[in-house]
Amino acid sequence: MSEHILSLMTFFPLLGMLIILMLPGGKGGLLKCTTLVITLITFVISLPLALDPVFKTSGAMHYTEFAPWISVGDYFQMNYSVGIDGISLWLVLLTTFIMPITVLSTWQAVDKNVKGFMALMLLLETAMLGAFISLDLFLFYIFWELMLIPMYFMIGIWGGANRIYAAVKFFIYTAVGSLLMLVAIIYLYYYAVNTGGVVNGFSVTDFYNLNLHPELQKWLFLAFAFSFAIKVPMFPVHTWLPDAHTEAPTAGSVILAAVMLKMGTYGYLRFAMPLFPDALQQFLPWLAALSVIGIVYGALVAMMQKDVKKLVAYSSVSHLGFVMLGLFALNNIGVSGAILQMVNHGISTGALFLIVGFIYERRHTRLISEFGGLSKQMPVFAVIFMIVTLSSIGLPALNGFVGEFMILLGAFESELRWFAVVATTGVVLSAVYMLWMYQRVMFGKLDNPKNQNLKDLSVREICIMLPLLVFIFWIGVYPNTFLEKMEPAVNQALSQISGEARAQTYIPVCTDAEQQGKCPHTYGVDAQGDADLHL
Amino acid sequence: MENMVQTAMQNVNFAAIMPSLVLTCFCLALLLLNAFVKRGSTSYAAFFSLVALGATACVSYLAWDNPQFGFAGQVALDNYAVFFNFIFILAAALSILMSDAYLKREGYPVGEYYTLILFSTVGAMLMASGTDMMTIFLGLEVMSIALYVLAGFFRRQLRSNEAGLKYFLLGAFSTGFLLYGIALIYGVTGTTNVADIGSYLAMNHHLVSDPILVGGMILLATGFLFKIAIVPFHMWTPDVYEGAPTPIAAFMSAGPKAAAFAAFMRVFLIGLGSMHSTWVGMLWVLAVLTMIVGNFIAIKQTNLKRMLAYSSIAHAGYALVGLVASNAVGVSAVLFYMLAYTLMNIGAFSILVLAGKVGEDNLTLQGFAGFGYKRPVLAVLFTICLFSLMGIPPSAGFTGKFFIFAGALNAGYVWLAVIGVLNSAVSLYYYLRVMVYMYFRSPEEEFDWVQLKPGATLCAVISVVGVLVLGIVPGAVMALARHALF
Amino acid sequence: MIVSVYHYMVLSAILFSLGTIGVLTRRNAIVVFMCIELMLNAVNLTFIALSSYLGNMDGQIFVFFIMTVAAAEAAVGLALMITFYRNRESIDVEDFSLLKL
Amino acid sequence: MYDNLWLIPFFPLLGFLINGLLGRKIKNEKVVGAIATLAVFASFVVSCMCFVRLLGDEVKTHENIIGSWISLGSLQVDWGFLLDPLSALMILNVTGLSTLIHLYSIGYMHGEDGYPRFFAYMNLFTFAMLMLVLGNNALVMFVGWEGVGLCSYLLIGYYYEKKSASDAGKKAFVVNRVGDFGFLLGLFLLFWSFGQNGVWTINFTEIAANAGALENGGIIVTLITLCFFLGATGKSAQIPLYTWLPDAMEGPTPVSALIHAATMVTAGVYMIARMNGLFAMSPDTMMVIAIVGAATAIFAATIGFAQNDIKRVLAYSTVSQLGFMFLAMGIGAFTAGIFHLLTHAFFKACLFLGSGSVIHGLHHAYHHAHLNHDPQDMRNMGGMRKKMPITFITFFLSTLAICGLPFFSAFFSKDEILWWAFASTRGHWLLWLVGTIAAGMTAFYMFRLVFMTFFGAQKTDPRAKDHIPESPFVMTFPLMVLAALATFGGLIGIPHVIGDLVGHIPNYLQQFLAPVFEHTQTFHGIEAHGAASAEFGTIGVSVGVGLVGIGLAWLFYCKYPEIPARFCARFTRLHRAVFNKWYVDELYDALIVNPTKRLGTGLWQIFDVCIVDGIVNGVARCIRGTGGLLRHTQTGFTHSYAMSMVVGVVVIIAICVFQ
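Residue numbers (the numbering used here), protein chains in the order written: chain P, 1 to 535; chain E, 1 to 486; chain S, 1 to 101; chain A, 1 to 659.
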């Protein structure tokens with residue numbers, strides 16, 4: 001049981017999807033409840049992972065499962081190989097934790113073909129969890145691409161006015177990147193095989209040990225980095241995000257912000273950086289520069305937005321910039337801060353999108369100018385909104401601060417000192433755009449007649465927000481709960497990147513590795529043409 | 001005198017042509033049957049031909065791992081041929097499944113239709129197992145002549161006539177090139193037997209750059225590339241697919257294309273393997289051109305049949321990449337891809353058959369607005385096929401492309417692979433657009449004319465299941481494809 | 001002068017080219033088809049010449065096949081043309097213009 | 001006892017939670033007010049106990065670690081508190097004043113809607129402020145640092161329906177954030193530079209202990225301290241970041257008294273005192289601080305001349321007084337700075353509350369008469385002393401104190417600062433001069449205020465004038481207490497010269513604070529040396545200047561009230577400039593705010609929409625365009641198809657054969 005906990009957790013939502021498809025389409029309530037239950041069960045399944053003390057002591061992969069999957073002689077070998085360490089642990093839990101909340105948030109928001117929506121949500125959850133736990137690049141890629149499909153439909157079917165453009169843009173934008181990564185993955189594999197590297201399938205952990213030629217690393221890294229950069233999204237390939245976020249239904253935006261963006265950052269930390277350390281060193285300044293530009297740029301652009309949702313979307317660009325900077329600091333403070341900030345961003349920005357959803361459901365507009373003085377009408381909402389805003393600003397003793405502080409401190413301790421200095425201005429700017437938005441929405445006279453009789457948050461909506469608030473304070477006041485479990489894994493990853501772990505010699509993994517070493521022969525290229533090919 | 005006869009008789013080995021033989025017999029039987037059954041219903045013929053195909057499949061299966069050679073090296077029923085036979089049979093069976101209701105709807109309930117499909121299948125099988133230019137040529141013609149008729153089968157429909165005529169004229173034209181190529185190669189090597197050509201050229205390597213031989217090689221390639229629909233020999237494809245009856249378009253895009261590939265690869269890898277350096281560059285360029293032209297023009301299409309025609313050109317380009325790689329991975333990837341493509345493309349066509357009105361004027365993007373809400377099940381099946389054509393996992397399309405590009409990269413054709421994936425990124429656009437219309441637009445029609453005809457529906461379901469299976473556990477089939485290499 | 005295989009080759013090449021040019025230029029579908037036949041016969045000529053030059057029969061056997069196939073093609077082709085003519089009252093190749101772009 | 005330090009911030013937090021969560025359920029104002037006040041009072045009691053305990057204790061520094069906060073590798077941060085003489089004084093100051101002001105607010109805020117909200121915020125503020133002063137490391141201090149900023153944001157924007165109020169709140173927060181930017185950078189630099197020497201710490205005691213690790217007067221330490229000072233200027237409203245404080249007067253008056261006079265704004269001073277060892281290591285920074293302080297002192301004073309809003313005058317006077325404190329810190333007179341911090345807390349709190357009482361009265365009157373004049377405009381006041389005697393007396397005493405008349409509290413603190421400025425090893429006679437002039441100006445505009453408000457003819461609207469009540473006891477009681485403190489509070493720090501005169505009264509404050517500052521001062525040889533005569537001289541001068549200021553004020557605003565008008569008419573441009581605060585806000589808008597906004601829009605509209613998306617959509621459009629062109633090769637004519645085949649073949653043959 002416990003050794004299959006990851007598979008169980010990952011594929012349970014898929015099972016749930018089938019159940020949903022069985023149910024009659026008419027009964028929206030039933031469908032929503034079922035989905036809620038399924039996601040909750042998934043969350044419960046994933047809980048033991050969080051409680052397991054093993055992560056405190058070892059940074060290796062745990063709960064690993066391995067099964068040969070596609071094995072075609074000397075051609076290639078793909079395995080179903082999954083595992084989890086202190087890094088993916090929190091992202092997995094973030095996913096399972098955020099899903100029930102998003103389902104709850106759809107209660108009123110989604111009324112047309114609920115069945116499809118719920119099915120897609122569950123499919124999406126499986127895809128996201130799968131991507132976080134895959135240790136085989138091929139498997140990872142499958143889940144990575146699979147994620148696009150549900151989100152594409154979510155945006156396209158339940159989205160706003162400009163949804164078609166947004167959906168198609170989202171799909172193609174992201175796919176272009178990942179297709180290049182696919183080429184890189186295959187190339188990496190055959191390079192490994194043909195140069196006699198011992199790899200068991202597309203296993204990342206084996207690829208870590210390859211000593212790739214720097215020139216080669218450069219190209220492969222670029223392919224990976226580009227693909228992940230689009231997902232993050234890093235400046236300047238972030239332009240799909242505002243559209244996607246703005247058009248997506250609330251649940252979609254929440255998932256997109258809370259989990260899917262983390263795919264990119266996670267991809268950097270798990271794949272791009274440790275696989276190609278030399279290339280990373282080569283591009284580090286440029287990438288750091290892009291992240292810092294992203295921080296400032298996102299903030300400046302967010303400041304001038306007229307649409308609340310777009311504003312939050314751009315703020316994501318800024319926050320993710322922080323995360324990337326933390327990763328590139330390449331020291332345990334920065335990287336741990338980055339991982340923590342991934343979780344924080346998931347919670348805070350997720351909460352912000354939910355909040356935007358609340359007022360959107362009430363007023364069916366997202367234009368800041370349409371609001372004003374709401375706090376008179378909706379005091380509870382005002383309080384929650386304020387707390388979330390502050391956590392997104394990074395007020396000390398709330399979650400945002402710990403992450404940002406560690407990231408900046410880490411960056412400052414590393415070679416990226418000056419980048420850190422520039423990035424710190426983001427602290428000022430975030431206050432500007434968030435508070436300005438809060439002021440324009442919540443403060444002032446309640447003069448717009450349409451806002452005169454808005455209802456304050458319902459019990460359900462408060463229940464949606466409460467768990468998030470709990471974590472906002474928890475991470476802010478006692479982040480060690482999370483830090484202590486990610487520290488060993490982070491150190492592992494860092495030693496991987498710094499190349500200390502790379503010195504170890506290849507361990508033979510599968511028996512026919514020697515034949516794999518030989519490149520499958522080529523027809524008739526040589527004039528004599530090997531006779532054994534002929535009839 | 002006597003021992004001459006002896007040797008001749010020794011060379012006769014009916015086992016080597018058994019599948020074609022069996023199927024031919026069934027065809028003749030069906031022809032007679034048609035003569036005695038009164039017009040109106042063709043279900044019996046469809047059923048009969050399915051049985052025929054089943055039988056043929058069994059017969060071919062006997063030859064798996066038990067290769068049969070005969071007729072002085074004219075035919076070889078090796079695993080390679082058997083694998084392709086299965087593709088042809090599958091393609092034919094699926095098209096036949098969707099045809100019955102279709103013919104009724106369009107008002108051509110004629111049994112000969114099935115006979116013709118079976119005949120062209122026979123031709124395809126001959127091509128796949130032919131190891132001599134003569135057999136290959138014969139197979140090609142048997143296949144094509146049947147297809148000429150099928151393309152123009154709706155004889156009261158001008159579009160269909162036009163499709164048939166265009167296909168016929170251009171097909172015959174390309175045959176001319178093919179034959180001239182064969183003749184020239186014959187002139188240089190003194191034989192029409194593929195293996196002998198190969199060994200001859202391997203021994204006299206100086207001939208490889210001989211202009212006559214090179215010219216012959218290219219003319220020969222032209223003949224095959226025409227059938228595969230490779231730029232610049234692709235032009236007939238959209239017109240013919242659009243004009244031909246939909247099931248025939250589906251069949252043509254799968255079976256004959258695969259057959260042409262089968263023969264093409266056999267001839268070029270074994271017969272002209274020594275000239276690899278000469279033709280690989282040419283195919284590299286043609287593959288790139290084909291992918292680009294196919295995808296780029298498909299973007300502008302509004303008629304779905306025509307769009308699928310262009311997409312089939314693009315897919316021929318992807319498949320050709322595997323041949324350019326011309327290593328074990330690449331070639332078996334082509335085998336796999338042909339199977340995958342057969343499934344996903346015929347699946348897509350079967351939805352068109354089900355969704356079409358009489359005359360099929362509604363098979364446009366606009367015509368599919370809101371299809372997803374009115375006919376959810378069909379729409380989902382269609383969607384899966386389209387995602388597979390895009391190459392999004394987990395689908396046969398993805399694994400197929402993955403293997404193809406794996407071959408290319410293994411052989412070191414990085415840029416070819418990059419161009420390939422970028423092209424499939426382009427292709428996303430027009431496939432996604434279909435879904436945009438199906439799901440993101442509100443329905444304008446009730447689609448009440450759409451009934452789930454058992455045959456076509458079964459066909460769709462089979463294809464989709466196949467697509468998913470090949471997408472999730474492609475290992476076994478790919479292993480077969482690997483095992484099927486000559 | 002001695003008529004060598006090269007003369008045959010050249011002649012057939014010329015015939016083939018004539019056929020090709022015909023296909024490209026003539027408008028009447030039947031004439032176009034006859035041009036194709038001309039190409040095929042050029043091929044036949046090549047085969048015969050080469051076969052006698054090389055001294056093996058394969059070429060000549062091939063020719064029989066080609067002739068047969070050509071006959072079959074002719075049958076099918078003419079049938080198609082007739083059906084087309086029925087609907088369009090023309091077999092001008094320029095009139096096959098319903099399907100395009 | 002020391003292990004219960006955490007109780008001190010805990011009680012206000014508790015109060016905040018109760019009022020914050022249940023406040024709206026508790027309908028009764030009295031209960032809400034009582035809860036809040038008692039919460040603060042409780043922590044005041046605890047603080048007193050700690051203080052007393054510390055007085056009698058040999059060991060002067062005690063830490064109380066609650067638990068670990070962030071613990072990762074070299075970064076080890078605790079939730080910990082530090083009690084030493086400095087923080088002991090501060091907690092007394094904070095909790096004491098806070099209690100009084102809470103008490104006052106019960107009366108002042110009576111009948112406001114959002115009454116619980118107000119007290120919740122006030123408690124939260126007290127909590128944050130206590131975290132700030134008690135924190136045993138820079139990060140916990142930063143929690144308080146930002147926390148007080150947040151509360152001031154919330155309380156300034158208390159009347160959130162007024163745009164001006166919420167604007168002011170936002171401005172305060174953002175400007176403070178600019179300061180925090182400096183604070184953070186300083187923190188990073190500190191952590192890093194200490195780390196270079198193997199000590200990874202941001203703990204104050206360890207910083208003090210390892211300060212030697214850094215190069216004395218080196219660039220690093222200068223940078224660190226300058227960064228921290230930037231933080232201080234933000235929090236304590238010094239040039240260039242002082243602009244938010246006057247606007248902050250949009251908040252209710254008790255808020256101004258507690259946050260923007262007595263406690264929060266002095267956080268910067270406290271922070272410097274807390275890290276005096278570090279600051280003392282960089283004479284350059286010290287000089288910068290001193291100059292900025294002096295400049296602020298005099299600059300703010302000038303603006304104080306021309307304001308008519310009673311609270312704004314007090315606000316600028318606060319800025320100016322803070323300038324004095326920074327001057328003190330800059331010249332190494334840490335004790336004097338803290339001393340002035342305390343005395344200023346007393347009298348400025350009293351002044352604000354007094355003005356509040358006046359405003360309250362006028363507001364009441366206007367309300368009664370259904371007028372909506374501005375109750376804060378001094379031009380509508382005058383002759384108040386008869387209407388509200390207690391307020392007047394307390395206010396007058398505090399004014400005398402701020403003017404530094406002999407034996408009032410500021411007399412001792414301010415004069416000590418000036419003496420240090422004159423005689424300190426880090427001082428300079430120019431600094432002294434500026435300070436003295438500023439003192440004189442203070443006297444002038446403060447008495448201008450007093451005369452305009454309490455003396456002369458009553459200029460209040462006749463319909464309202466008869467309805468101005470004296471404030472209730474809950475409001476006057478704090479006034480009296482504070483007035484008393486303002487009057488006699490100075491006696492805790494009598495300078496030696498005077499002490500010797502009267503007969504060996506020691507400087508208690510100096511003795512008490514010695515453990516914190518003495519080491520630094522001796523180590524860096526910071527001291528004020530000079531003859532007693534010289535010290536008496538400076539004292540005399542400043543007192544004289546003060547009297548002159550008062551005299552001028554009397555001339556202008558009692559004797560010949562027409563003079564100011566004529567003066568304004570004479571120097572119109574100058575007056576307008578001063579009246580508009582030297583146009584500094586406008587300058588900042590023009591130089592920073594608007595360009596940033598324009599940049600934001602530009603980046604969005606041009607870079608995002610045009611360039612990036614332009615490229616993205618452009619590529620798509622190109623592909624579609626190419627498709628449209630290629631499409632036309634598909635003419636539908638069999639000839640052209642055949643032609644393409646032939647051409648294809650010919651070209652390929654040509655390439656392959658003739659290459």
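A portion of the hints provided could be inaccurate.
As the list claims (entries may be wrong) - Residues of chain P clear of chain A, computed beta-carbon distances all greater than 12 angstroms:
#1 3
#2 41
#3 51
#4 73
#5 74
#6 198
#7 210
#8 337
#9 373
#10 393
#11 405
#12 430
#13 449
#14 458
#15 491
Unchecked claim - Beta-carbon label-pair distances, calculated as ranges:
#16 A:592 with P:466: 34 to 42 angstroms
#17 A:657 with P:195: 48 to 56 angstroms
#18 P:447 with A:579: 28 to 36 angstroms
#19 A:38 with P:15: 54 to 62 angstroms
#20 A:57 with P:64: 25 to 33 angstroms
In short, the hints are calculated from the structure, not lab data.
Glycine is no exception: its CB is placed at the ideal position from the N, C-alpha and C atoms.
Status of each hint after checking the structure:
At roughly 30 angstroms, the least C-beta separation between residue 3 of chain P and chain A is larger than 12 angstroms, which holds for a residue marked as non-interface. Listed as a non-interface residue, residue 41 of chain P keeps its Cβ farther than 12 angstroms from every Cβ of chain A; the least gap is roughly 32 angstroms. Distance check on residue 51 of chain P: its Cβ is at least 20 angstroms (rounded) from any Cβ of chain A, clearing the 12 angstroms threshold; non-interface status holds. For residue 73 of chain P, the non-interface assignment is confirmed: its Cβ lies about 35 angstroms from the closest Cβ of chain A, beyond the 12 angstroms cut-off.
With a minimum CB-CB distance of about 33 angstroms to chain A, residue 74 of chain P clears the 12 angstroms threshold, and the non-interface call stands. Non-interface status of residue 198 of chain P relative to chain A is upheld: no Cβ of that chain comes within 12 angstroms, the nearest being about 33 angstroms off. Distance check for residue 210 of chain P against chain A: the nearest CB is about 29 angstroms away, which clears 12 angstroms, and the non-interface claim stands. For residue 337 of chain P, the condition that its CB be more than 12 angstroms from all CB atoms of chain A is violated, with the nearest at approximately 8 angstroms.
With a least CB separation of 6 angstroms from chain A, residue 373 of chain P falls inside the 12 angstroms interface cut-off, contrary to its annotation. Annotated as non-interface, residue 393 of chain P brings its C-beta within 12 angstroms of a C-beta of chain A; the closest such distance is 8 angstroms. A Cβ of chain A approaches the Cβ of residue 405 of chain P within 12 angstroms, the least distance being about 8 angstroms, so the stated non-interface status is violated. Not every C-beta of chain A lies more than 12 angstroms from that of residue 430 of chain P, the closest at about 9 angstroms, which undercuts listing it as non-interface.
With a closest Cβ-Cβ approach of about 16 angstroms to chain A, residue 449 of chain P is found to remain outside the 12 angstroms limit, as its non-interface label requires. Once the 12 angstroms rule is applied to beta carbons, residue 458 of chain P is consistent with being away from chain A; the minimum gap is 18 angstroms. Not every Cβ of chain A is farther than 12 angstroms from the Cβ of residue 491 of chain P; the closest lies at roughly 8 angstroms, contradicting the non-interface assignment. Checking the proposed 34 to 42 angstroms range against residue 592 of chain A and residue 466 of chain P shows it holds: the Cβ atoms sit about 40 angstroms from each other.
The hinted range of 48 to 56 angstroms is not satisfied by residue 657 of chain A and residue 195 of chain P, whose Cβ atoms lie roughly 39 angstroms apart. Taken as a hint, the range 28 to 36 angstroms holds for the pair residue 447 of chain P and residue 579 of chain A, whose Cβ atoms sit roughly 32 angstroms apart. Distance hint check for residue 38 of chain A and residue 15 of chain P: the Cβ-Cβ separation is about 57 angstroms, which falls inside the suggested range of 54 to 62 angstroms. Distance hint check: the CB atoms of residue 57 of chain A and residue 64 of chain P are about 58 angstroms apart, inconsistent with the given range 25 to 33 angstroms.
Checked against the numbered hints above, the structure violates hints 8, 9, 10, 11, 12, 15, 17, 20; every other hint is satisfied.
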